[in-house]
Amino acid sequence: MTYTLFIILLPLISFLVLGIAGKWFSHKTAGWIGTLALAGVTVLSYYAAYEYFFVIGRDAVTGAFERQVPINFCWLPFFDQGLHFDMGILLDPISVMMLIVISTVSFMVHIYSFGYMKGEKGFQRYYAFLSLFTMSMLGLVVATNIFQMYLFWELVGVSSYLLIGFYYTSPAAIAASKKAFIVTRFADLFFLIGILIYGFYTGSFAFVFDTPEGLASYAQAGFILPLALTLMFIGGAGKSAMFPLHIWLPDAMEGPTPVSALIHAATMVVAGVFQVARLFPLWVTYAQDWMPIIIWVGVFTAFYAAAVACAQSDIKRVLAFSTISQIAFMMVALGVCTELQTGHEHVGSVGYMASMFHLFTHAMFKACLFLGAGCIIHAVHSNEMNAMGGLRKYLPLTHITFLVSCLAISGIPFFSGFSSKDEIITACMAYSPAVGYIMTGIAAMTAFYMFRLYYGIFWGTENKELHAAHHPHETKVMTWPLIILSIITVGVGAYTTLAGFGMFDGYSFGSLISADGQDYRIHFDTSVALTSTIVAICAIGLATWIFKGERQPIADKLYATFPRLHRWAYKRFYMDEVYQFVTHKIIFACVSKPIAWFDRHVVDGFFNFLAWGTNATSNGIKTLQSGRVQQYALVYLVGTILLIAMLLIF
Amino acid sequence: MNITIDYFLILSAVMLGAGMYGFFTRRNTLAILISIELILNAADINFAAFNRLCQTGIEGYVFTLFSIAISAAETAIAIAVMINIYRMLKNNYVDELDTLKW
Amino acid sequence: MDYSQFLNMGQELSLLAVILILFVADLFMCTDRKSGKGVLNTPLPVILLTVHTLLGLAPLVCPCCVADATAFGGMYVSSNMAIVVKTILSIGTIIVFLTAHEWLKQPEMANKQGEYYTLTLFTLLGMYFMVSAGHFLMFFIGLELASVPMTALIAYSKRSQESAEAAAKYILTALFSSGLMLYGISLLYGTTGTLYFEQMAPQISATNLVQLAALVLFIGGIGFKISLVPFHLWTADAYQGAPTAVTSYLSVISKGAAAFVLFVVLYKVFAPIIDQANLLFFWIIIFSITLANIFAVRQKNIKRFMAFSAISQAGYLVLGVMGATPQGMTAIVYYLLVYMVANLGVFLIISITEQRSGKLLISDYNGFYRTNPKLSFLMTLALFSLAGIPPFAGFFSKFFMFMAAFKAGFVVLVLIALVNTVISLYYYLLIVKAMYINPSDEPIPTFKSDGYTKLGLVLCTLGVVLIGIISWFYSYIDQFSFGL
Amino acid sequence: MNFLSLFVLIPLLMLLGLWLAKGVKAVRGVMVVGSSLLLVLATYLTIDFLAQRAGGNTAEMLYQASFTWFEPLNISYRVGVDGISVAMLLLSAVIVFTGTFVSWKLSPNLKDYFLWFTLLSMGVFGFFISIDMFMMFMFYEIALIPMYLLIGVWGTGQKEYSAMKLTLMLMGGSAFLMLGIFGIFYGAGGQTMNILDIANHTGGAHPIDFAGQCIWFPLTFVGFGVLGALFPFHTWSPDGHASAPTAVSMLHAGVLMKLGGYGCFRIAIFLLPEAANELNWIFLILTGISVVYGAMSACVQTDLKYINAYSSVSHCGLVLFGILMLTTTSTTGAVLQMLSHGLMTALFFALIGMIYGRTHTRDVRLMTGLMQIMPFLGVCFVIAGLANLGLPGLSGFVAEMSIFVGSFQNADTFHRVLTVMATCSIVVAAVYILRMVGKMLYGVCTDEHHLKLTDATWEERFAVICLIACIAGIGLFPSWISSMISDSVAPIIDAVKQAI
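Residue numbers (this note's numbering), protein chains in the order written: chain A, -14 to 635; chain B, 4 to 105; chain C, 276 to 759; chain D, 6 to 505.
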């Protein structure tokens, strides 16, 4: 399957072409170059997926999916204990699934951007960066070893930096891009250290020990491997915006909305989840008892983000926080997965599948949501909810797709979100009921704030004069992706729901992706399914009751009753301020400045002192040369006597 | 009583000391030249005395003669310089010669 | 009496011949206002001296006439190395003459041109005898012959008070030091009963305190000529006061001769107490280098500045006598050669500048690069060579000098000397800075230098650039070197 | 006389040519021809070297040539190259080539400028081809001194002070170095100045006894370390770079500072292995400090050149750090880091110079939105910045990763802690780079004087593109050069390890 190489090469080429020669192209040409490349990538990925899943992927004997490595070569040799930095392409269920997700969403975004970025300055640059990002992201998911993953990991970081800072004339965008890059970079530091430790003790950077001596050296170093994995997880947490490293994601919304859809909702932010999933066999085998870290980080983040999302007024921010919360769901799902064996007697292994499943569905409907938000912003030229309201009349298609996605994310049956979220909660229940119920609660919050958003945009108080000013409308090229994505959402949802309730017995997501690659058929645990559905519906009802109306007395009442709470949630519990304080007041003011001062005045001062000292001495002893010949002779004599004395003494 | 070398040495040492003392204390350059003569002659006395009382041959004497001649030459040129200075400064005080210093 | 022994002192004789010819020529050549004594200034002396130099090399090139020979019953000892040194000195003198030309062309000098050459050559003759002395009398005569005419030279410009003052200081200190040295020699004579270097050595012993004192007095006398701390105080004043041509002579030639003699005497006479000598020189060198550097940092007048630089260079020069090893001797002579071309190069430029503009302060050189780029470039090369910057000769000489001292086992001394090179680099760069960087509202105007100066500069620059790179010089000197 | 000597001969001929050249065009012509010849030569050398290695020529040094120079002192003219020197020669050639174009329009007296410039590059090339300690030292000093005039005459700001400080501190370093060289020479019997002969001593014990090594190692290491911006002796570098003209900063940070690292490895480590094993902890601490310290103080600088100078301190610290870690990987990484830092810091200084030449200020606070006004320079600046913070696909990443992986192979806590400390620098690097880029390029340009500025001229574009091409080339295809280097590093490191 060496043709998969082109999946990475095509975007690279289009990046180089657009990046170097871009400014001589017209907007249209540039857009077409990028989009065609992406179309090619999409086709190839789909074909690869088909070939992998249905033709060659499954091992004939065990019936499990095997990892295929079409290409692998040594990119940079290290010379101690045979370490080497490989580059290659690894195909296994999750990477193939990621290929599909990335190519699909990216393709959608490319099309969508035709409309959204129309006439923007730097259109070519925009498409160049998109290609760059796609290339890096694809490279990340097909990485054959941790180091290659890290390499592309950095690259996606940079491309996200470049895309967030696309509007480089707006201070907010600059700050946001800087923040995003530095925070993730900080997290990547731990990733790197983890890699170093891992590489040293296992003697390779491969995802699984293919060498027995690797295992041996691990056995010598007791807690080392869990430590390494945890450090890498911190890296992942940074990319996936887990608390407390989440602060960059909301600001990242300063970038163009399609970018938010692609990078900060669908693909890059799930890289952390993907990384943990990629290393999952190691986690389960060697670091079982460290996995609660993942769970509790996930749980807290999910709750925190949901709580904040309830109070935001900028629709993209709401979506951002909901993204954080949903990714936390996936993390938790991985955390609660305690074994690799699948099959119905092994409930403990559901989490892995569930997490990947949710990753897939979430990518689709969240991309749809963001693109919808993009349409809305494009229509009203504002991110603030108070500029909206009652838009359903103006943007019918957007309205429908948005609603579909909201239903999906809230976990209503027959929408994709339901199946995946349900599996997650099942897995949590299996791990411990406590986690399960907490997650159910958070799911309810999700439903609530999503519909708060929905009503706030399409119903609620309409901002009449603004809409009168420039009557909002939709652009066709921008609505197509919405439609496609929501169709996927509904289609997948309906299919899996039916399959899950055992209406018919066909392939389901689990048959393609499961912890051990075996065919795992999803069957809903009815009680869980029921509870979560009911809870979700209640939450939606609540939201409807509060936010649907033209006037919103209850909402205002609530704000009045808990002003402090609302304020804190609105301010994201002041996490940014904390960071601000730590970086500027502590690191810059208390470390860098003193060091700089020390350098100028102490270290440098010392050498200047030497020079000064020489001159001072020179002036001090000048009277020795007094110009009086008798004194000269006297010095001569004294010198002679001293020398004689010295000889006599020694 | 016989005259041992010590007497001469003491004499020359005293002359040397006197010469130096003169050199350091006198302001008048001519006086300084005279004291230098003392120093040189102290050395000459040494040569002569050593040759007479300790050593054989006439090396010492010869050396003395030569050094007397040479010191005469030196004094001559020194005096020439002093005269030149006197022409310019209208005095010959050594401590006036301190325009070159530091 | 065997007259053939006079042939062994061929260089001295030929030099004497040169002197006589010049003397006679001076007598019978009428002086006209404009060009002074015409051919006497400067072609005649230079040509004669060149011829003399080439003749002097005869013993080295043709094996027929033996180089290692004695005269006057061993009072005069000639050796290949001595011949090399004398050749170097005479070459230096030639360059000095080239320097002097412009100065002597001035009207008030017109009728004094002859004396200058005669006197200078007499001092050179004195140094010749000093260099190949085998007996303290010969040595003493040579020393005085070298220093007495020098006084006249320093006082040469009669109208200038500075010149007179410098001469006074020089002669007084010189007399003082020669008096003490004479006393020291007398003590040596008393304790050993001879004045021949060879015969003296066996009588010397470290236990004899009188001899130790004599050693110090001797070092004082010779250190006065090399201008080592603490016997150096006359240097700055004399250099500043004397006419530039004389200063350049003073700064190189007499220094070099004295340093070589110092080595010879240490090796021949004081070999038994060489450790004590080393102890003395350890401190003398440290003080010479450091003190001179510290003084030089502050100087305003470039001649005075060169004086202090000369003192510290003398310190480096004397590094070679530490341990009196053959390598040390080679290092000394090589260093002397290199130092000579560089220093004379600098003085050539100083003197031509003085002649053309009458400026002598370092600050006067501000902006020199803009008005006289070529001169300042050559000056820079010479200064770099003095500072020991490759690829100029100074680097090699310093490197080999330090190598010799290191091999003799004086690591600490070498370290201190090395650290001092940084200070010396600093003040040499001050001149470069003045010429290249410092702005100036009225820089020295552009001028053309005369042919003699040009010739001298060519010689010096060639020396500065080539003597290091071409290893032949070092190897050639090395094959004659002797030592403990 | 083999063709390595051309590396010295060509600059000599260039000097001659410049001396004779009349008029700016002629001068430029000489420079372009000469530097391109050097570049071609270096490229040819690299190719041929790789071919020879591939052909199974495992000699420690290739193209060796030698003839006696100062016979009485056993000093010879000896040349020879191994992978490390080849890499360094290539680097120097590139920098000199681009430097020529960067200083295309310099004034006044371009001619004299290029004279000193060429002398400097001659020193650099000579240093890298020589394997005789005397020669190395000589060329080392040849390379140092022109810096004084280059900065003093053609520099900006408080140039006299900076130039003097730079020269004196480096000369002070070389004073220690000279003593160390004597020590090694006489310690090894005073028979040869040839590095290889001293290192591959016949017989078991090292000719220089342990006590001696422990004296000479610090001397030589500090001597070279001063030029490599070792922690307490680095203060010449910010001022020097700030005042130097563009091409000189390029050459200085790009090549000259590499002499330090190269010398440390070639002389201090290679010739004094036991002491290197014994004492490297001291210098590890120092370099570890300078890695973090440089990055940290770069964060609060406001002058572009100061920022880059401090980041150079940090990166060069990383070079010495990698060397001192004494593993093949880390040392290879260190050499790679020399290459990549050389290229990218040269690129950086070039761009800073070009921007400064237009805006006449280097204060980041006074510049905004330059990206709109000079897009080409802006984009290249961003690329340089990304290279500086170790973006994959550019050279910095490869080098840093090799260093970190290599350093981590020392299994004890001390080395581990230091390694982790060093890795922190890559985050800090991101901070100051992004800060600089964000303040200066992004945003809306307000200064009406800046609004009228123009983008890069052709020669500037050419130089910059060359550098970027090299950076990307190493970054994308590192394995050939890294294995070329490691082939030469490995035996040395093994020797050092055995010396324990």
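Treat the hints as calculated values from the structure; they're not laboratory data. Remember, it's a predicted structure, so these values are computed and weren't measured experimentally. Some clues are possibly wrong.
As the list claims (entries may be wrong) - Okay, derived cross-link-like pairs now, DSBU-like style, lysine-lysine, Cα gap no bigger than 35 Å in a straight line:
no.: 1; chain 1: A; residue 1: 13; chain 2: A; residue 2: 461
no.: 2; chain 1: A; residue 1: 8; chain 2: D; residue 2: 27
no.: 3; chain 1: C; residue 1: 729; chain 2: D; residue 2: 27
Unchecked claim - Some chain A residues well away from chain D (every beta-carbon gap over 10 Å; in silico):
no.: 4; residue: 6
no.: 5; residue: 154
no.: 6; residue: 229
no.: 7; residue: 372
no.: 8; residue: 382
no.: 9; residue: 459
no.: 10; residue: 503
no.: 11; residue: 510
no.: 12; residue: 558
Backbone N, C-alpha and C fix where the C-beta goes; we use that ideal spot for every residue, glycine too.
Outcome of the hint check:
1. A:13 - A:461: holds, 17 Å
2. A:8 - D:27: violated, 42 Å
3. C:729 - D:27: Roughly 22 Å separates the two Cα atoms, so the pair holds.
4. 6: Correct as stated: the minimum Cβ-Cβ distance to chain D is 13 Å, above 10 Å.
5. 154: With a cut-off of 10 Å, residue 154 (chain A) comes too close to chain D, as the shortest Cβ separation is near 5 Å.
6. 229: Check passes; 16 Å lies beyond 10 Å.
7. 372: Answer for residue 372 (chain A): holds, closest chain D Cβ roughly 25 Å.
8. 382: Residue 382 (chain A) is indeed farther than 10 Å from all Cβ atoms of chain D, at 36 Å.
9. 459: Since the minimum Cβ distance to chain D is about 32 Å, residue 459 (chain A) lies beyond 10 Å and the statement holds.
10. 503: Holds, because the least Cβ-Cβ distance between residue 503 (chain A) and chain D comes to about 36 Å, which exceeds 10 Å.
11. 510: The claim stands: residue 510 (chain A) keeps its Cβ more than 10 Å from every Cβ of chain D (closest is about 44 Å).
12. 558: holds, 25 Å
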